[in-house]
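With chain A held as given, fit chain U onto it using these hints.
There are 2 protein chains.
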Amino acid sequence: MAKPLSGIKVLDLTRVLAGPFCTMLLQDLGAEVLKVEMPEKGDDSRHFGPFKEGRSLYFMSINRGKQSMTLNLKTDEGREILRKLVSESDVLVENFRPGVMEKLGLGWDALHQLNPRLVYAASSGYGHTGPDSQKPAYDILAQAEGGIMSVTGWPGQDPVRVGASLGDITAALFTANGIMAALYQRESTGLGQKVDVSMLDCQVAILENALARYQVTQTPPVPLGNRHPTITPFQAFKTADDYIVVAMGNDALWASFCTAVDRESWIQDERFATNRARTENIDTLNTDALEPLFAERTSEEWIDLLQKAKVPHARINTIDKVMAHPQVLARNMVVEVDDPVAGRVQIAGNPIKMSGLADESMRPPIPELGQHTDEVLESLGLSPEKIRSLRESGTV
Amino acid sequence: MAKPLSGIKVLDLTRVLAGPFCTMLLQDLGAEVLKVEMPEKGDDSRHFGPFKEGRSLYFMSINRGKQSMTLNLKTDEGREILRKLVSESDVLVENFRPGVMEKLGLGWDALHQLNPRLVYAASSGYGHTGPDSQKPAYDILAQAEGGIMSVTGWPGQDPVRVGASLGDITAALFTANGIMAALYQRESTGLGQKVDVSMLDCQVAILENALARYQVTQTPPVPLGNRHPTITPFQAFKTADDYIVVAMGNDALWASFCTAVDRESWIQDERFATNRARTENIDTLNTDALEPLFAERTSEEWIDLLQKAKVPHARINTIDKVMAHPQVLARNMVVEVDDPVAGRVQIAGNPIKMSGLADESMRPPIPELGQHTDEVLESLGLSPEKIRSLRESGTV
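Chains as they are written, first to last, in our numbering: chain A, 245 to 640; chain U, 245 to 640.
What the hints contain is simulated information worked out from the structure, not anything from laboratory work. Small disclaimer: the values here were computed from a predicted structure and weren't measured. Any given hint could be a false lead.
The list makes no distinction among identical chains, and a pair is therefore deemed to hold if it is satisfied within one copy or across any two copies.
BS3-like, lysine-lysine: derived pairs with alpha carbons at most 30 Å apart [said to hold, decoys possible]:
#1 K328 - K482
#2 K347 - K554
#3 K552 - K285
#4 K285 - K347
#5 K552 - K318
Just chain A, same shape as in the assembly (with noise of 0.2 Å):
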């Protein structure tokens, strides 16, 4: 059976985190990824730790299953070669700081003309296109203009960012996301586009309703800890030895915790009878009711509880608990790769299950750099002696 994506040839000038994501992802659903990366250096991230046997597992962590070769884009004749290769791609990603490819001749304009098929996606910082285009981004700094770490973490202490890079993440998935409805498009139209994607942007799309909080109160919201601004309770209660969470999306949810733990009182209590009172009433709620009750069961007796009860609930996991989550394993999301260096590595698999896409818990190696380079340039027609003397040069 054909992965979705198969037959879609990818040419992937992206480092780092943004950019290999998205085109991760891409592989995981069949399309074939050709990463170009620098001679001798290649992708910073393979310098990146953590390192198992010098070899880096971040870079591991997102680059499987793809072909690599070696070019030096700053040569005229790494330029022609990627001309070539862009003649017969479908898709272009690159994460150069806006106007880099233009400098290079190779900016959208001048690839659309060569091939009016291909699909061109820029992911960087801030855009290619308003005041901040050219500044330089990292994740920690849009998620810090973004809003997001204005509502990550304890009220009045110093700022939180999110534990993973959601900057590059959320940038990566929503460019996937325009660059397959590029693909659907040219299906009638026969002609790629440009797709544009900034962290920045993605930062403000995933802001949910804070945007709408500060326009009712006319006051920037703030972080909440760990519950939620409009459903209570919503949150992580402390336990006698550790921590659970409850979520109570509903009255009638609310009604079922309450007979559970035999405080049917509450259910009529005008302070906490309905959504809305109990997320007024919440310091009330907690202080008073909920942090002594919860901290005289264990976390386990409260999973026991909870779940006769039917009150949605969960631990809180640290990463090793994750990796052995049953539900986790069952699903094929730590899924692993054979490095000839480093041996077994375990990575995250792909969320996207799909009935046309077998869900394999063994995934393809991770290129060592320019591995492919040789055999890319033959099936471009050059010879061995070229590609020698372009080896020479430091073209490739």
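Quick look at chain U alone, frame taken from chain A:
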């Protein structure tokens, strides 16, 4: 110019956040989205705050441009109408608990038989397979079980929830990717397929290098406040009046910074000379060197200095600042909708900018519950009498 998904009909059975966010993205890209809601009550989130003039801005922020019809799927006639709609739809999206659609006789197998071209997307808490498949899920449960809460916040303090519903939103983004991959493949196979995305899986997929760090150290990663695990300095510092975030992704940026602050000796200092050394000695670096230094100037002064030194930096913006950010506005990331009751409301724009997609700052309105019911039923050939009787019986 036609939009990328123009002509695609989406039957949207989703409620609250993950599903509606996914179909909003499809609508932004040009799909025609018909929201099917329970008579009288409608999507739960119509009743979630924040409210303006009694209208839910929560609901508004993710349902622009959709059509709405009411339909009670618990009635035979309701299901019959749904089957008619399925026959002429391209995509169906639902976020019921797994098994609900099957019980209604509307599961993937039945609908695939009815319309082999249908792409059927299910967004659920734990997925349609595995031991926890039937468990109810909410955003905070996915954040807790999937590991992100264990690496967000300050070490030793109470755990922190990411301040937006990351569990729902990442599921929405992966689901949309699956839907578009399936639409693309349908162009060659003529067949739809089932897309099955879970919030828990998506949380694992975005953990980034946390899985890698655990494998190397065999110790579960802990929250790190606002710093990056392996890049230093890459965090927020307190200034004389606020905070400033800096991101020195390589040693050259570190050297520029040291020169700009007249601390050239740090460039050669073996404790700070390389990113690896800085990360290993971060406590010394921060306590003895950087924290006192950043406290000397205001954020405004730091911005001047860092701009001149070309060191990437950002303020931590609160939501009011985000909504007035010149780059955010220049990119149409705050757009407007006119509501007949609440008036003009600002919501987040579409971060997928495409050369073939006009980027409008005014978005189509939010549908009233059942606003398009008659229109849709008439298009199915139902007579006015029939529609009246369906309304009287509570079917629509």
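Those earlier numbered hints the structure runs against, lowest number first
The structure conflicts with hint 1 only, although it agrees with all the remaining ones.
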